[in-house]
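Participant: Below are the chains, spelled out letter by letter.
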Amino acid sequence: MKIMSQILTSVGYQRWLRFKSIKRAYYSFVIILLLYLTSFLLPVLVNSEALLVKYNGKFYFPLFKSYKAEDFNQYVKKTDDSISQPLFGKANYRLLKKQFESDNSGNWVLLTLVPYDPEENLLEEMEGIPPHPPSLQHWFGTDDRGRDVFARLAYGFKISLTFSLLVTLISFIMGIIIGGVLGFVGGKTDLIGVRFIEIWSTLPFLYIIIIISSLIGVSFLLMIIVLTLFSWMNISFYIRGEFYREKAKEYVLAARSIGASKSRLIFRHILPNSLTPIITFIPFSIVGNITLLVALDYLGFGLPPPTPSWGELINQGMHNLHNWWLVIFPLLALFLTLLLIVFIGEGIREAFNPKEKIIFQ
Amino acid sequence: MMSFLLEIKNLTVSIQNENFYISKGSNNLSTNVIDNLSLDIRAGEIYGLVGESGSGKTLLALSIMRLLSEPFIKINSGEIFLNGTDILKLSYENLRKIRGNKISIIFQEPSSSLNPVLKIGTQLLEAISPDTNTNQDKKEYAISLLKKVGVPDAESRMNYYPHQLSGGMKQRVMIAMAIARKPSLIIADEPTTALDVTIQAEILDLLRNLHSEQSESSILFITHNLAIVNQICDTVSVIYGGEIMETAPRDEFFSNPLHPYTQGLLNSLPDINKSKRIKLSPIKGTVPPLGKFPPGCKFADRCEKAVSICNKIKPENKELQKNHFVKCHLY
Amino acid sequence: MSSLLSKNENIFEVRKLNVRFPSHQSILGFKTKYIEVLNSISFDVRTNEILGFVGESGCGKSTVAKSLLGLLKFENPYVKIDGSLLYKGIDGVIDILNCSEKQLECFRKKVQIIFQDPVTSLNPKFTVDTIIKEPMIVHKISKGKELDERFSFLLERVGLNNELKNKYPHELSGGQKQRIMLARALATNPSVLIADEPLSALDVSIQAQILNLFVQLQKEFKLTIVFISHDLSVVKYLCDRIIVMYLGTIVEIAESETLYNNGLHPYTKGLISAVPSLVKNDLKKTSKWLTGEIPSIKDKIKGCVFYSRCPLKEDICKNNIPALEKKRSNQWVACHLV
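Chains as they are written, first to last, in the numbering used here: chain A, 24 to 384; chain B, 248 to 578; chain C, 32 to 369.
No lab work stands behind these hints, which were simulated from the structure alone.
Quantities reported herein were computed from a predicted structural model and do not represent experimental measurements.
Each residue gets a CB set at the ideal place from its N, CA and C atoms; glycine is no exception.
Hints should not be assumed to be uniformly reliable.
What the hints assert, rightly or not - Label pairs and their calculated CB-CB ranges:
#1 Arg47/A / Pro542/B: 27 to 33 angstroms
#2 Val150/C / Thr61/A: 41 to 47 angstroms
#3 Pro363/B / Trp39/A: 33 to 39 angstroms
The shape of chain A in the complex, shown without the other chains (with noise of 0.2 angstroms):
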């Protein structure tokens, strides 16, 4: 109770409340966070394997122990016409449904509601040469390898947005201890350690990003790990200020009047009063970092394929400018995805400082 009391009158509460009061930013948050939330649920939603199977009598849950082929007799035919021949290898949920349904066995297959993989191409199940425009069964097409886009853009959009938290996260934490640091300390410390920063900043992040791209390939890792790695340094001078500003105002007097150690001067007094900006500051970098691996996924030197990323699949649109699908469907999701993240931290930044619109008279 008496916390429940602290929170309620506390400026962080106020602040939200003002946050819940600007409809676009309170919405935009509350559709993403939905969105994000359900990307965890993608294999139960977006996924080639079935939900639920009862075979002979017997239910079989494939999503938690793959099946061969053999397991349920499986029969595929190569065209209309010829002879069914049986499957080997890993079950095909989605012939293995119709089999079923033209059967008449009694057996059924539950599938998820996109039933595609995103890296897994169909070039056999499907007519004609890939890409597909978008129909009943394909509701945003195929890529040009036969893959469903629905699928690739859904789990893409689940990696960008982790990527990009990821990277948010750690850079911020760097951030905020070396220029908490830097900050605190001052003096000759502070002198050299920006003069380090700043030549740590005049490195050439893109290049290096190439380079180790070309050699020795990236992975979701290490891609994190050199994106934070050339990230940090904005915030670690934001901080370094903010520590400079909060260490000379009279509480952090005060508080050393009464005989308060450094360390507790630090944790306790002035970095819960320098962070409180940072949180306006996360969703642009959010932003950046979500761009910066679409642009990087884009020009190849990104994840790998055959990952499903926004920029690959945005560089195929480029190449395929009239396969229309290929082209509106991720721009749209990373406009969209991009412009309510920027409500988001418009909304932040005016519940933190509402301004007023003053008429002049």
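Following the hints, put chains B and C in place on chain A, whose structure we already have.
Facilitator: Here is chains B and C on its own, set in the frame of chain A:
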């Protein structure tokens, strides 16, 4: 019957609630910071307006000049007559003609009222006339103004930037800017609060001298310091919660304060002429936050002499002795 | 060692305290120019007295406060301090300028400070509860239930309600914030309270309440108070002795009634006559007494610091610094012409 230079009648100024983003359900979206206020300033007098922070005195100054930050703070009703003309009804163009010309204002913080990137001379010339052609006459007039307010070395100081001057000097420059076009009314909003005591004495002296030279113009001197008011004002008003509680000529005010708030203020101040550690009788409680004043007399919850009617009904403004007005149920 | 100090024993002895700040920082530390903020000042603080420091801007009174607490190096690591500053507490003498961390810890319990602006002196993220308990936690004075009891006791002593326990500073009025500062200062049961312009940011009607509180707390907690203010009326009302400062120098030390009635230094006289009074209507005569502006502390002044504004100045004043000398019992003045 002396004519009044400035007559404020039933002025009400309201401010949007700070939480108006948040508390949708609340009924009062706005609160009155100045509540049905009336006061009259005669030509040629120094009128002292005394109030603490939150009493609305600075807002009153801004309202007279119509400098409020609309739409968050605005004048709801009332009239302000300057020599018979209602300034609140003037068009923007006509209002501009009055500002600086007939009414000018001196603010509290000279450091923030002067533009730090412009020279003093430039700003002074701007105050002399808002159009930008500078000619020799204007320049000479500017230098003479600086000399008049006691800035030494006036000619070279014209080229100084504000940060090169001390607080007292900056305030002198502000005063020069305020008197440049010989306005009928000078509003001085706490002009000496930010200054050291010896400099304050000099500035007060300067104001008094300037005033005696231009005897038709009046000064509205806004302050929280009753002692200053005792030194230079002719008439004194006390403002609390956006309402004038008492008005009287200076000597009458200090020798015979009638309103309990005035009496409370006078009793709670240590004075240099009083002896050491006489027990001060402070006014109990604190100034209530905006919107939380009692419904009747605004001072009711802090008043030693309050009776039950005080909490319910607003007292009327009564003239108890010649020119001595009080708003209190006790009378 | 722990004898009861008699009323007139000194609790602080300051001798030739000289504080200099660098006026600008040269990169490699050569040829740094210094500004003298405190110019070899000497004074005593007597036990159980209320000592007032008055002066206008630039006189160095805030620096005196911070140096008495040993906080100067924390604020600006490049400050240069010379002279001696001794604290003579019940547990022995501590040399503030040359003591160990441990001694400083002990000292911090005994000498507390209240700052001018209650808005910036309280951590905006701490509740009243945390603010007042912090000194007790830092010095490990009480724990658990005892902590809460002491908290309520302190809150009540400064005239506040226990309801405020979980409020944040931004929800409190100026007067309430100042009382919280007082409560925090009293938490470690100090012997000395240094108040740096505690009333300046408060409303007039609240000032009286806080002043009464000071008088009451001084009696109850047997405090020695060093009260710094630019408001001479308040200082004269509250303090036993007053030290008048001008541009980093002490110009006069006297008991408050003596200072007012018989101030000897020309600056003292000028200062007193410049203060507007509620009772008398006599400001007209003051402003002609002092001429000119207060010089900046950056100018190096030879001779008496008051020379440029003194109505009585003579040649000897221009080149020779007057020493603080005892002119009457309990009155010291630094002037050649008195």
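Participant: Within 41 to 47 angstroms or not, the Cβ separation of Val150/C and Thr61/A?
Facilitator: The hinted range 41 to 47 angstroms holds for Val150/C and Thr61/A, with Cβ atoms some 45 angstroms apart.
Participant: Within 33 to 39 angstroms: is that where the Cβ-Cβ distance between Pro363/B and Trp39/A falls?
Facilitator: 37 angstroms, holds
Participant: That 27 to 33 angstroms hint for Arg47/A and Pro542/B (C-beta), does it hold up?
Facilitator: Cβ of Arg47/A to Cβ of Pro542/B: about 40 angstroms, so the range 27 to 33 angstroms is violated.
In this structure, the one hint that does not hold is number 1.
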